[in-house]
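Trainee: Given only the sequences and the hints, what does the whole structure look like? Please build it.
Chains A and B supply the protein sequences, listed in that same order.
Going left to right, the first sequence walks through residues 42 to 453 as this note's numbering numbers them.
Going left to right, the second sequence walks through residues 42 to 453 as this note's numbering numbers them.
If you are wondering where the hints come from, they were derived from the structure by calculation, not from laboratory data.
Among the clues, some could well be false.
To be verified - Cut-off 27 Å, straight-line C-alpha distance, at most; resulting in silico cross-link-like pairs (DSSO-like, lysine-lysine):
(1) K97(A) - K71(B)
(2) K100(B) - K168(A)
(3) K96(A) - K71(B)
Computed from a predicted model, the values in this text were never measured in an experiment.
Protein chains: 2
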Amino acid sequence: MALIVQKYGGTSVGSPDRILNVAKRIIASKEAGNQVVVVVSAMGGATDGLIDLAKKVNKRPNEREMDMLLSTGEQVSASLLAMAIEALGHKAISFNGFQVGILTDSSHTKAKILNINGDRIKKSLKKGNVVIVTGFQGRDEDDNITTLGRGGSDTSAVAIAAALLADECEIYTDVDGVYTADPRIVKNARKLSKIACDEMLELASLGAKVMQSRSIEFAKKFGVTIHVRSSFNNKIGTIITEEGDEMEAPVVRGVTSTISEAKVTIIGVPDKPGIAAEIFREISEANINIDMIIQNVGEQGTTDLSFTVEAADLDRLKDVMKPVEKNVSAKKITYDSDIGKVSIVGVGMKSHSGIAYKMFKVLAEKKINIKMISTSEIRVSVVVEQEKAAEAVNALHEAFELDKEIIYEAKL
Amino acid sequence: MALIVQKYGGTSVGSPDRILNVAKRIIASKEAGNQVVVVVSAMGGATDGLIDLAKKVNKRPNEREMDMLLSTGEQVSASLLAMAIEALGHKAISFNGFQVGILTDSSHTKAKILNINGDRIKKSLKKGNVVIVTGFQGRDEDDNITTLGRGGSDTSAVAIAAALLADECEIYTDVDGVYTADPRIVKNARKLSKIACDEMLELASLGAKVMQSRSIEFAKKFGVTIHVRSSFNNKIGTIITEEGDEMEAPVVRGVTSTISEAKVTIIGVPDKPGIAAEIFREISEANINIDMIIQNVGEQGTTDLSFTVEAADLDRLKDVMKPVEKNVSAKKITYDSDIGKVSIVGVGMKSHSGIAYKMFKVLAEKKINIKMISTSEIRVSVVVEQEKAAEAVNALHEAFELDKEIIYEAKL
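Mentor: Put into structure tokens, the structure is as follows:
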């Protein structure tokens, strides 16, 4: 008898009919002899509806109260799903983050899970129940309700799978799995049967919206095997697992792009120690995430500093930068939201040289200008003009032959 | 500095604008020098919306899961109200039943409060917060979420007022207070400035929908003074308080009617011990509330038994009665939902005779036939044809001169 944790996203439980469909899927897994723990998101649209309500009474609502508000969404879908399973003749019980002891830190709206007490879940499983747990939420030491941020239900599911030593964590979503590229951009994008945690981490943080990054970190840390698959069909999806023999992994696993970022350049900053720290301290305190950072030496003892942020944070960033501009005696700050970031990812890169060079060459051949470059061990990212991003993704997908199945990939 | 508990019903917090209005009212009370604890219901319509959702996935949803589902409604309004108060520049914090330790028994959907731990509320008040608490809900010993039944927020408010030894418990609603009769039925119905707990108890259980009965029982038991008033204006409402000098109380305080009940008559039951017990055991196990019960000796060693139930329970009752009819060898069971119950209530009745007689005479003069009678120390109720109920209420209101202010009432 295997212990399976299944997670269903908001689209999958978006209506009473869909909830009943999910209930059938859960029951099928139960009848196949598994113990099933289910983690649910709020019904599709519910969280946005609550956020709209909050904005109508307070333009900048307190984050503790936001968590209090938003956490209700999952409690609704969890209890409805339990009812649906019972309507179909099986035992089910729902719990919220409080009840199953999902302890987090106190960073409201983006809390981190510290500990999960699996006792109550295990007890309820033993009684023959399907156990439904609200995703996305927990409580802090002082019994305040916390939430884990957008997509946090993935993290809840993986953390619960880790705490219960589950055999598998199935993440049900509205896509069939993880693709070599976004199928809306690349026609012959191919679904991957397996992908390494590290690769998925890079993809997740690069705009492939399949899973929340933190959930992959959890999976990696606790050795949880994730199966990303569609809740609308029975196809096998993509297995996310710990890195296998990297010699046999493909050099590039996927290409991804995001057009949601903006580039900020601080021109003519005095080239002396502590300046970067001063700039980024203010940004960090405003809770704005920085992505790529590049610094070049400029003329006459000054330097230019560029970085990217989510375009949605740009207005807040401009407020933050006003005093910073003076404090660091910068000449000028420019903002450019007309950018696209294109990345190639693959654990095989570690042992293959020339991958970055090949990427730049492909883009040069297409006359696509590179504005910024950043790399990790298993990723190369470039910033290009926004309107060229899709073309770049297609060119790279073709150049690295990602449409072709790689036989040895199965050994990952 | 007084400690005030205020309770706002679903209509009062039915929209973002109304929530902001309620926030202003709360702030006014705070700025007048009070410590304020606020108990809120779910936004008007929210609970019904959740019930509809539940019915779409399960026609007979599990009660534990219903509580899990419905308790979210108050958490939404509580957090929104806290945000609204903060938007207006004051400190506020919201708590659910779990967080403030509202311990109840485990009777899901109609739980009774066993204990309230006021520590967290007191601590938050000391920090200068307006404390918002979700009404209607608590948790049982096993950390399951429970709800207190329709109107349960009133009970939450009074119980919290009792636990905190609050100076007053203000129940804000969509009416100005408690009236001598329903103003929609009796044109010159008069708002009462004071009413005794016992009278309010009778009125509440007789269909005057101003407050939940259990909240009045709590108020009586713990000596909480309740002030029922409108959330839409600043008029003084009705004070519900412990009975004063009853000699000076009016004989009849109010007239009330309900048309939501149905009459059940079991004809030809053998007149022997244990029969009534058998009948009502089954009904009680089906969780159907019985109101009036009358038994008459019939012919040939048999007896007829009549009682009233909520008409909404009639279908379920008929299911229950089928086997009962056989078991007790009854001749026949008749059901009549075309009834209205009319009652007069007043603590002064205790010391005045002839009140019931006067009531029957007034109805006789109007040629209104009485189908059932039941009395308590401070109440006389009769069942009449449904279409005559309003006429009966008007006739009694006039006969007992309830439109006239009674000067000595102030001494209650």
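Trainee: Which of the numbered hints above does this structure break?
Mentor: none
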